[in-house]
Amino acid sequence: MSTIWDDVRRGFGDIWPPMLAAVPIGLLFGALAAGKGLSPLEVMVMGIFVFAGGAQFAAVELWATPAPIGALVFSTLLINARHVLMGASITPKLRGFSRWQKFLGLYYMADENWALAEKRARTHRLTPAYWFGMLTPFVMCWVTTSTLGAVVGAALGDPRRFGADFAFTALFIALVAAFWKGRVTFWTIAASGAASALTYRLIGPPWHVLAGALFGLLAAWVAAGDGAGLQRKPEKPQAAPPEPANVARKTPEPARP
Amino acid sequence: MTLDPQNLLAILGMAIATYATRVAGLALAGRLQLSARAQAAFDAIPPAVLVAVIAPSALATGWAETAAAALAALAATRLPLLGVVAVGVAAVVGFRLFL
Numbered sequence: 001m002s003t004i005w006d007d008v009r010r011g012f013g014d015i016w017p018p019m020l021a022a023v024p025i026g027l028l029f030g031a032l033a034a035g036k037g038l039s040p041l042e043v044m045v046m047g048i049f050v051f052a053g054g055a056q057f058a059a060v061e062l063w064a065t066p067a068p069i070g071a072l073v074f075s076t077l078l079i080n081a082r083h084v085l086m087g088a089s090i091t092p093k094l095r096g097f098s099r100w101q102k103f104l105g106l107y108y109m110a111d112e113n114w115a116l117a118e119k120r121a122r123t124h125r126l127t128p129a130y131w132f133g134m135l136t137p138f139v140m141c142w143v144t145t146s147t148l149g150a151v152v153g154a155a156l157g158d159p160r161r162f163g164a165d166f167a168f169t170a171l172f173i174a175l176v177a178a179f180w181k182g183r184v185t186f187w188t189i190a191a192s193g194a195a196s197a198l199t200y201r202l203i204g205p206p207w208h209v210l211a212g213a214l215f216g217l218l219a220a221w222v223a224a225g226d227g228a229g230l231q232r233k234p235e236k237p238q239a240a241p242p243e244p245a246n247v248a249r250k251t252p253e254p255a256r257p
Numbered sequence: 001m002t003l004d005p006q007n008l009l010a011i012l013g014m015a016i017a018t019y020a021t022r023v024a025g026l027a028l029a030g031r032l033q034l035s036a037r038a039q040a041a042f043d044a045i046p047p048a049v050l051v052a053v054i055a056p057s058a059l060a061t062g063w064a065e066t067a068a069a070a071l072a073a074l075a076a077t078r079l080p081l082l083g084v085v086a087v088g089v090a091a092v093v094g095f096r097l098f099l
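Each protein sequence line maps, in turn, to chains A and B.
Going by the working numbering, the first sequence opens with residue 1, and the numbers climb by one from there.
Going by the working numbering, the second sequence opens with residue 1, and the numbers climb by one from there.
Since the hints were derived computationally from the structure, they do not count as laboratory data.
Incorrect hints may have been included.
To be verified - Reference listing, derived: stretches of chain B covered by chain A, where coverage requires no fewer than 3 residues with Cβ under 8 Å from a Cβ of chain A:
| hint | stretch |
| --- | --- |
| 1 | 3–12 |
| 2 | 18–26 |
| 3 | 34–46 |
| 4 | 53–67 |
| 5 | 78–84 |
Don't be surprised by glycine CBs; every beta carbon is placed ideally from N, CA and C.
Based on the provided sequences and hints, a complete structural model is requested.
Okay, structure coming up:
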C-alpha cells in the first residue's frame, strides 16, 4: 500500500512547479473570459469539461455573442490535434492501467502532465497512482484559479503589469529544455518557431500551432536522416543517438508494408 | 452565475473535440511501426508543439518578449522549472520598462 502513496506523492512532487506556474495563467484566463462576457459558472464548466489551456485561450479570443460554435470547435480541434500523437506516444506506457483508468486518465491529459509522465516513463514504470497524483491537483488548481479569475478579474487590473501573461511562455521554454536531445532538437525548435511565428503573422491563429508542429516534425525527420547517413554504419542503422527509451521494438530498417 | 444555452453548447462542443483528440491515441498506439527516422520525428513532437504554441508570444509580439524568451532559454540550461518561469516573468517586466 505504501508504494501507492509514494507514487501519489511523487506525482504531486513533480506537478507542483507547473501547477504554481499555472496559477497566474488560470487567473489571467478567467479575467480574459469574463472580459468577453463569460460568467464564472461558464468558466468553471469549461475548465472541468474542456481542460485545455491553449485551446481555451484561443476560444476566448474567438468568443462573441452569440457564441460561434463552429469556429470554436474547429479551433479547439486544431490546437488539440497534437493530443492524438501525445496519446499514441503515452499509451504503450500505461500498461498497469485498467480500462476506465485509461479513459478517465486521458480525459485530463495536458501538455504539462503528459510531458512529466513521458519523462517519468523514461526511468520508471508509469503507475496510475503517479498519473492521478499529478492530474488531480493540477485539474483542481486550473478550475479553481480560472473561476476565481473570472470573479475577481476586473479587480486585478492589467495582468501584463506583473508579466503574468508571459508565465506561460517561460514555462513552455523550460519544458522544451527537458526534451533536449541535441542537434535534432535544435532543428526541430528552429523550424517550429519560425514556421509558427510566420504563420501567426501572415495567416493568424489557430493555424500557427499546426504549421509549427508540422515543420518541427519535418525538420526532425530530415535532421535524423542526416545523422544516419553520416554515421555510415554498414549493417545496423542506428539513426538517432542511442535512446534507451525506444529500444523496446528494435526494427532495423523495417520493410514498409 | 448564469449559464447561457448557446455558450454551454459551445463549451460541450469544445469538450467533445478535446476528448476525441485525447483518446484517439489509444486506437493508434498499437499500429504504429516506426523506422528510426520516424521515431526521431515522433520524439520531436513535444518540443515542436510546445515551441509552436509559444512562438507568437516569444517571437512576434515585441522586442521585450523576445529578449525575455532568450533569457528564459538561457536560464533553462541551469535552473529548474519554476526558476525559469521566475526569470522569464521578471525579465519581461524589466524589458517592457526599458525597451
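To see whether the hints hold, each was checked on the structure:
1. Coverage of a stretch by a chain is defined here by at least three residues with a beta carbon nearer than 8 Å to that chain's beta carbons; for the stretch 3–12 of chain B and chain A the count is 9, and the condition holds.
2. Chain A is given as covering the stretch 18–26 of chain B, and this holds because 9 residues of the stretch bring a CB closer than 8 Å to a CB of that chain, at least three being needed.
3. With a cut-off of 8 Å between beta carbons, the stretch 34–46 of chain B has 13 residues touching chain A; three or more are needed, and the interface restraint holds.
4. Look at the stretch 53–67 of chain B against chain A: 9 of its residues bring a Cβ nearer than 8 Å to a Cβ of that chain, three or more, so the hint holds.
5. Counting residues of the stretch 78–84 of chain B whose CB falls under 8 Å from any CB of chain A gives 5; the rule of at least 3 is met.
Of the numbered hints stated above, none is contradicted by the structure.
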